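Enquirer: Residue-level listing of the chains:
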Amino acid sequence: MKLAELQNDFQRALFDTECKGADWISESARGLSARDRLDIYYNAYRFRLVDVLLDTFEHTAIYLGDDWFNQLAMDYVQSHPSTYKNIGLYGKNFPGFLAEQLPDDKEVSELALMDWKLRRAFDGPDSAVMTLDDLQQLASEGSEICLQPVPTLTTCTHEFNTLEIWNAIDQDETPPVVTQLPDPVDILIWRKGHSPHFRSLSQIESAAIARVCSRDTLGDTLDNIGAALEKDFPDVDVATEFGLMLHRWLDDEIISTGILN
Amino acid sequence: MISGFGPGFGLGLRTQHYNDFLAEPQPVEWLEVISDNYMVDGGKPLAMLDQIRANYPMVMHGVSMSIGSINGLDKDYLRKLKKLEQRVEPMWVSDHLCWSGVHGRNLHDLLPLPYTQEALQVVKRNVEQAQEVLQRPLVLENVSSYAEYEQSEMTEWEFLSAVCQATGSKLLLDINNIYVSSFNHDFSPTDFIEGVPVESVTQFHLAGHLDRGDILIDTHDHPVCDAVWDLYRQALLHFGYVPTMIERDDNIPTLPELIAELDVARAIANEVLTGNYQEQNKIALCQGR
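One line per chain: the protein sequences are A and B, in this order. Just remember that our numbering sits 4 ahead of the position in the first sequence, which is counted from 1. Just remember that our numbering sits 20 ahead of the position in the second sequence, which is counted from 1.
Hint data in this document are derived by calculation from the structure and do not stem from the laboratory. Worth double-checking, as some hints may not be accurate.
[What the hints assert, rightly or not] Ranges between beta-carbon positions, derived for each pair:
#	chain 1	residue 1	chain 2	residue 2	range
1	B	E277	A	E104	41 to 47 Å
2	B	T294	A	T261	53 to 59 Å
3	A	T261	B	Q106	21 to 27 Å
4	B	G215	A	S32	17 to 23 Å
[As the list claims (entries may be wrong)] Okay, derived cross-link-like pairs now, DSS-like style, lysine-lysine, Cα gap no bigger than 30 Å in a straight line:
#	chain 1	residue 1	chain 2	residue 2
5	A	K6	B	K144
6	B	K103	A	K96
7	A	K24	B	K64
8	B	K102	A	K89
9	B	K190	A	K96
[Stated by the list, open to error] A short, non-exhaustive set of chain B residues, derived as facing chain A with CB atoms under 8 Å:
#	residue
10	G62
11	K64
12	Y97
13	R125
14	L131
15	E138
16	A139
17	V163
18	Y166
19	D206
20	S208
All of these numbers come straight from a predicted model, not from anything done at the bench. Built from N, CA and C at the ideal position, the CB exists for glycine as well.
Throw the hints in and build the complete structure from the sequences for me.
Expert: Quick look at the structure:
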């Protein structure tokens, strides 16, 4: 039996729905059968990936409880062979899997997506952050000011009170009863310093953030964003609102100078 | 305490101990980092790595190269590893003599290879590719295993020796892995130690395992057991001083507890490599063969 065939068979055996043993494994004097020996690798593969999902989706796991989460995680492992070198990326499709598996409990996949995005922000790319001084310097030079998001900035949308659920779990409190929100709310996720952060967005701030992210990392100019907001929110004092938003964005460190650290 | 024995004694850097290493100098001469944990875009892992690297020499230890894969090595993985190597400037770069998946799938395990001439050629091809990218010899670790192949044509130590001879790669001997595999496959750990080329051995790992009665599992979640300390003594007698570290990946104790365990390794090395121990025990070893 050639190496290619052995490695194919070994891999296929570990992906199988049950451990069936293999005739290419030696039976040794130690008494363990070939099947028992293969079973160690078979179980280790599953436990290792379930552990990674537990670690990545910590809040989701607490919300679902050990038994339910472990069953869903095992089902995911069985149906999603890992294609990642970095085991930390294995849960990429887990929020989508939960949405399919639990169509009547949509807050679960919202919770999982939040866990996932916060984890990705943790070790996402670094960049130099724009400060108020940087902004004032650019303004004094008369330059066109382009706002670019830090590379870890991302958003997700909640249709349920998932943010409250996440916060309650994080504070080791009993989560509130799940309720559908009157309107979907966008959640901003990014890394400030070494720590992932998140907060909900008003409609106008969500529209402004969408403009900042609209050309991917190239960002958009202050003038363009202001004009777009004037058009979309005619009843709002955009100049005041946008000024407040801009200050908060600089405090939150979500605007990049475009220079990588 | 031993002085003048190369880089000294090390520990695996774990996130639980970041603050200890940042707060004050620790009695650890060097640190081993899991390469894969730092092959990320940015954030705290790389910031901590840079800060701690400023005060400690490091070695890089990978778990995902899959050097025995029939499909060859992942070029993107090698590119990221090289980038990290340039950042860390480690004393050496190691990974495991194993395979972890084929055809774009990853089993996230250190799977044993059949010890055949065909596998040797595959490993040779892959090691040469890695060494070409890294521009330095790759250091390969023996893995713990729970299964052996009917197809094997040579022992594990003969295979390791053949890889070193064919590629110029070096060896990271995991003393615990030798012990675990010798129990699981009923071979003599002394034969293993005496069967690999002395000049290739670059590092020792010491770790704990789980004794299931019928099989030993390499869990890295226990202190080093007496039998592995004894094998460490044998290894020191045979190879002389080799940079040694304690590897702990689960149930991670406080740093002072790990340093106390490292002090046991230091004391054993001091005992074995100085005084009359060598003469007495070389005789004992010869008689015992």
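Enquirer: Now tell me if each hint is right for this structure.
Expert: Against the structure, the hints come out as follows:
The supplied range of 41 to 47 Å is met by E277 (chain B) and E104 (chain A), whose beta-carbon atoms lie about 45 Å from each other. Roughly 58 Å separates the CB atoms of T294 (chain B) and T261 (chain A), a value that falls within the hinted 53 to 59 Å. With their beta carbons about 25 Å apart, T261 (chain A) and Q106 (chain B) fall inside the hinted range of 21 to 27 Å. Separation of G215 (chain B) from S32 (chain A) is about 19 Å and conforms to the stated range, judged on CB atoms against 17 to 23 Å.
Straight-line distance between C-alpha atoms of K6 (chain A) and K144 (chain B) comes to about 16 Å, which keeps the hinted pair within the 30 Å bound. Pair hint K103 (chain B) plus K96 (chain A) holds up; C-alpha atoms about 25 Å apart against a cutoff of 30 Å. Distance hint between K24 (chain A) and K64 (chain B) is unfulfilled; the C-alpha atoms sit about 43 Å from each other, more than 30 Å. For the given pair, K102 (chain B) sits about 15 Å from K89 (chain A) by alpha-carbon distance, which is consistent with the 30 Å threshold.
With a C-alpha separation of about 36 Å, the suggested pairing of K190 (chain B) with K96 (chain A) is violated against the 30 Å cut-off. Annotation: G62 (chain B) was flagged as interfacial toward chain A, and the flag holds, the nearest CB pair being 4 Å apart, inside 8 Å. Because the beta carbon of K64 (chain B) sits about 4 Å from the nearest beta carbon in chain A, less than 8 Å, this interface hint is met. With a least beta-carbon distance of about 5 Å to chain A, the hint placing Y97 (chain B) at the interface is held under the 8 Å criterion.
About 5 Å separates the beta-carbon of R125 (chain B) from the nearest beta-carbon of chain A, less than 8 Å, and the hint is met. Here the hint on L131 (chain B) is kept, as its CB sits about 7 Å from the closest CB of chain A, short of 8 Å. Using the Cβ-Cβ criterion of 8 Å, the hint placing E138 (chain B) at the interface with chain A is satisfied: the shortest such distance is roughly 5 Å. At a threshold of 8 Å, the smallest CB-CB gap from A139 (chain B) to chain A is about 5 Å, leaving the interface hint in force.
For V163 (chain B), the interface hint is violated, since its Cβ never comes within 8 Å of a Cβ in chain A; the closest pair sits about 12 Å apart. With its C-beta approaching chain A no nearer than about 4 Å, Y166 (chain B) sits inside the 8 Å limit, and its interface hint holds. Look at D206 (chain B): its Cβ gets to within about 5 Å of chain A, closer than 8 Å, so that hint holds up. The interface hint given for S208 (chain B) is violated, since its Cβ lies 14 Å from the closest Cβ of chain A, which is over the 8 Å cut-off.
Consistency note: the structure conflicts with the earlier hints numbered 7, 9, 17 and 20.
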